[in-house]
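We have chain E; now place chains Z and F onto it with these hints.
Residue numbers (this note's numbering), protein chains in the order written: chain E, 179 to 548; chain Z, -16 to 328; chain F, 96 to 370.
It cannot be assumed that every hint is accurate.
As the list claims (entries may be wrong) - In silico lysine-lysine, BS3-like type, Cα no more than 30 Å apart, as pairs:
1) E:K215 - E:K452
2) E:K271 - E:K242
3) Z:K21 - E:K242
4) E:K487 - E:K442
5) Z:K21 - E:K306
6) Z:K151 - E:K292
7) E:K274 - E:K455
8) E:K306 - Z:K94
9) E:K442 - E:K242
10) Z:K21 - E:K271
11) E:K548 - Z:K21
12) E:K461 - E:K215
13) E:K429 - E:K442
14) Z:K21 - E:K215
What the hints assert, rightly or not - Heads up, incomplete: computed chain Z residues facing chain F, CB under 7 Å, no partners named:
15) L67
16) L133
17) P302
18) A304
19) F314
20) F315
21) I316
22) L318
23) G319
Honestly, the hints are just simulated from the structure, not real lab data. Beta carbons are placed, not taken as given, at the ideal position from N, Cα and C, and that holds for glycine.
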Amino acid sequence: MKRSLMGICVIVCAMAIWACGQAPEEPTSKKPDEQFKVGFIYVGPKDDYGYNYEHDQGRLEVEKQFPDLGVMTSENIPETAEVERVMEQMIQKGAKLLFPTSYGYSDSAINVGKRHPDVVLMHAGGFKHSTNVGTYWSYIYNAMFLSGMAAGEVTKQNVFGFVAAHPIPQTLQNINAFTLGARMVNPNVTTHVIYTGEWCNPGKASEAANALLDLGTDVLSQHQDCPRPVVETAAKRGAFSVGYHSGDLQKFNEKGWITGADWKWGELYVEIVKDVKAGKSDKWVNRHHRTGLEGGFLDIAPLGSAVPKETQDKVMTWREQIRDGTYAVFQGPIKDNAGKVRLEEGQKPSFEFIETMDWYAEGVVGEVPK
Amino acid sequence: MEMLALVRNNRVIDVLRMTGMMALAFIAVGLLLLSFGKNPIEAYGEIFKGSLGSTYGLSEVVVKMIPLMLCAVATAIPARMGLLNVGAEGQLHIGAMWATWGALTLGEWPKEILLPTLVLLGFLGGAVFAFIPAFFRVKAGVNETICTLLLNYVAILIVEHMVHGSWKDPMSFNWPFTREFSDAARLAFYGNTRIHTGLWFALGAIVLFYLALKRTRWGYELRIIGDNAEAARRAGIPINRYIILTLCIGGGLAGLAGMAEVCAIQGRLRPGISTGFGYTGFLVSWLALHNPLKIILMAFLLGVLSLGGDMIQISLELPYAIVNILMALIFFIVLGRLAAGRKEY
Amino acid sequence: MIGIIESILTGAVRSGTPILYGTLGEILTERAGIVNLGVEGSMVTGACVAFITTAETQDPVLGVIMGALAGGLASLIHAFMVVTLRANQIASGLALMFLCLGVTSFIGRPYVGVRITGIQTLTIPGLSDIPFLGRIMFEHDVLVYLAYLSAPLMWWFLFRTRWGLYIRAVGENKLVAFAMGVRVQVLQYSVIGIGGVFSGLGGAHLSLAYTQSWVEAMTAGRGFVAVALTIFATWHPLRGVLGAVFLAQPLLSASRFRPRGSMCPPTIFICCHMC
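The following block holds chain E by itself, in its conformation from the complex (with noise of 0.2 Å):
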């Protein structure tokens, strides 16, 4: 079998030879070094019709604001090491700006960063930053809040099941926020959490969605990257959805449709790309970047003709009260379900309350694994 190894040997030098004998012509880009090159990193498919799928759409809002721009993606990249070496390869290419868009890639995000000072990165929703590395989210719990207050008039159970990937902060606020709001209205509110333990696993989702139907819930909500089995599973049983990620979900349940989380990233991305663009970047890094309804990067998607008229307006009166900033999702008094005060009458949440949260609200069933 020696003549096998020889031939995979020719092919590979002949390989070899002929692309670095390509490498010098650059076929795709017209001005290789004045072109501003941004890359972007998914942890999934990047048409899951969930979390990367919105970031994408503010990648292509990008690509449409500056025509000129190089702009690289990267998708199915894994939580681990795998992404620095993605990230090196995107600036090996000519890279000055990277969105590396998923929470696990923190880590990586802040090595790469002290390799490349000249690279600007942004990392979606984490905790660290450094000189050349911010961070940037939108309180998505906003959303949830009215999305549970919304869901929390047109239930009939009262139970309500929410499928989530992993009980980091974001997660918690989420479900913390999507019961208070129910609980504002329906005080009868109870939700139940069950966690897949990854961020896209459409058979996992279908089964923990099938799992909290048969418990008695009759509105599924998530966490989850790729939210279309568990609406899907929610419409196949008659029961209603509140969305997560983006407000295109609607279509999977028309019927039971209440509302839902939906990201506008793209205004942020072009304001990002304009700033770093313009060598404005300070504006960015070493910082973290937090808005929440205000912001314009997150709304609630359209309310379905689950809901009725009254509690439209209710909401979209809330959704005002909210953006104007007379209430915030998280002021006290807020319990958690141990009955322990977390937030005394009157005080308003530090940073760190709302990015460290490790409890379950009043309502939420169980405990917060550990």
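For chains Z and F alone, coordinates are given in the frame of chain E:
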């Protein structure tokens, strides 16, 4: 004269034929690309340019080769006596887990003592995990292939259980990974690259395997069992001992790969530390016909391809899957050729 | 309490279906002396092709048929490798898995976000009113019923028909079978092909009924579990049903036990089962 002799032996023709068959895989994938309106030449150019076209690319190929070579040897050693170890993936995970245990509990020890301990732990972890199928094979005749294959899932579940449970970093806000290892538990990197000292484990394993095969009685007996187990048994070769030994040593080497991954590249244990190294290593071993030196070459080829897979995604927006198809086709062709030629097996 | 057991068993029947298909196919193939580790590959091919067909034609029935055929075709590659070329069965099976995972994630790429109307639940009137059992067994989609009907049919085929006898003869001893006048190669080809059809059906159930979506590598190891169950069931179709319902479900959907909080018990539970 030499040339003439070669031609007479049909070797040139054979090389050409083999090259042609390999090219067939590339052409088949190229046609697939064409039929979806993509330019195959551009794609292949990008694969090889991305991995061989720069020092950085080359260094990353070497980084990939380290676990691939170790997992390939883990497959090749038992394969030499006709055992199929598909469990390198699981053994890698358990090796990584034992090393993590060491790094988390003994992290205060000085580097000179800690690192050898971790190497030992990694090796032992993999070896102990490989002992399970070996034991069942010897005692109950359980097929080691299926057993090792399924134990992969068990291993991954055990690792997930640990990182979701008691080993979770208290500062990670419930994100599933362990604390970062202390500096004493980290393998050194060379220069600005991510090539780490684990490279010497891999090369060392390959050289030792080579020497053992060629120069020792052990290697000789191994080959005899591989050729004809019944004859070997009659000749008084302790087959059961060899089953346990080869599987455990193989498992240990895969465990070492896991140890190197967590102690060098990842710096902590987390789910998904391996991107299928165990399975790709299995492929490497088969493509190399379980021959130690060829393992280096095949690990290089598959390293190049898998790195190129990322590259075509970034610059041409082609899915990584292309590379998987390519690897599988090459594998099929080598397998088919192997069987049709009836050589060595 | 009854309610929880009922819901767990309902889930078990539903999620065990793709695995049961895979197991039945593998039992048939292994009875003819061929180990096919490519079940995972056939299954993922079935899932992908069924989904694409349904997305293009809006016809889930055609989707199921195409998915099954695609699964069968994929496994014929394995048949060619091991029957004609006599390559190593294990290695060829794994290669088939790699190939199918690669090809499906490539051709399925544009269909990841596509919406389909999949196979709907078909409650059997009358039977579904039986207390307890009715919900567990008769509130599913057609493919579930088909799977559980296939098991006894396969048992009958393997142990009560001449063809079944031939298949088992080939598995036991090829020479004897040859002497009986069985065309061994043709038989092995067809058995591997039919095994692939079963796996393809399992995949179709996964993408058209169970999740109604397509994501690359969505079988997530179900094919391997099917191979394991084949051994667990000692190559007997009816025991395969038990395995699929009682073992496969906790194997893959441990999430059901998680509402109580911790993630730990199911994993341990699973490990015990597997060993």
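Quick rundown of the hints versus the structure:
no.	hint	result
1	E:K215 - E:K452	12 Å, holds
2	E:K271 - E:K242	21 Å, holds
3	Z:K21 - E:K242	23 Å, holds
4	E:K487 - E:K442	25 Å, holds
5	Z:K21 - E:K306	40 Å, violated
6	Z:K151 - E:K292	25 Å, holds
7	E:K274 - E:K455	9 Å, holds
8	E:K306 - Z:K94	28 Å, holds
9	E:K442 - E:K242	15 Å, holds
10	Z:K21 - E:K271	21 Å, holds
11	E:K548 - Z:K21	48 Å, violated
12	E:K461 - E:K215	19 Å, holds
13	E:K429 - E:K442	18 Å, holds
14	Z:K21 - E:K215	23 Å, holds
15	L67	5 Å, holds
16	L133	5 Å, holds
17	P302	6 Å, holds
18	A304	4 Å, holds
19	F314	4 Å, holds
20	F315	5 Å, holds
21	I316	10 Å, violated
22	L318	5 Å, holds
23	G319	5 Å, holds
Going down the numbered hints, you'll see the structure goes against 5, 11, 21, while the others check out.
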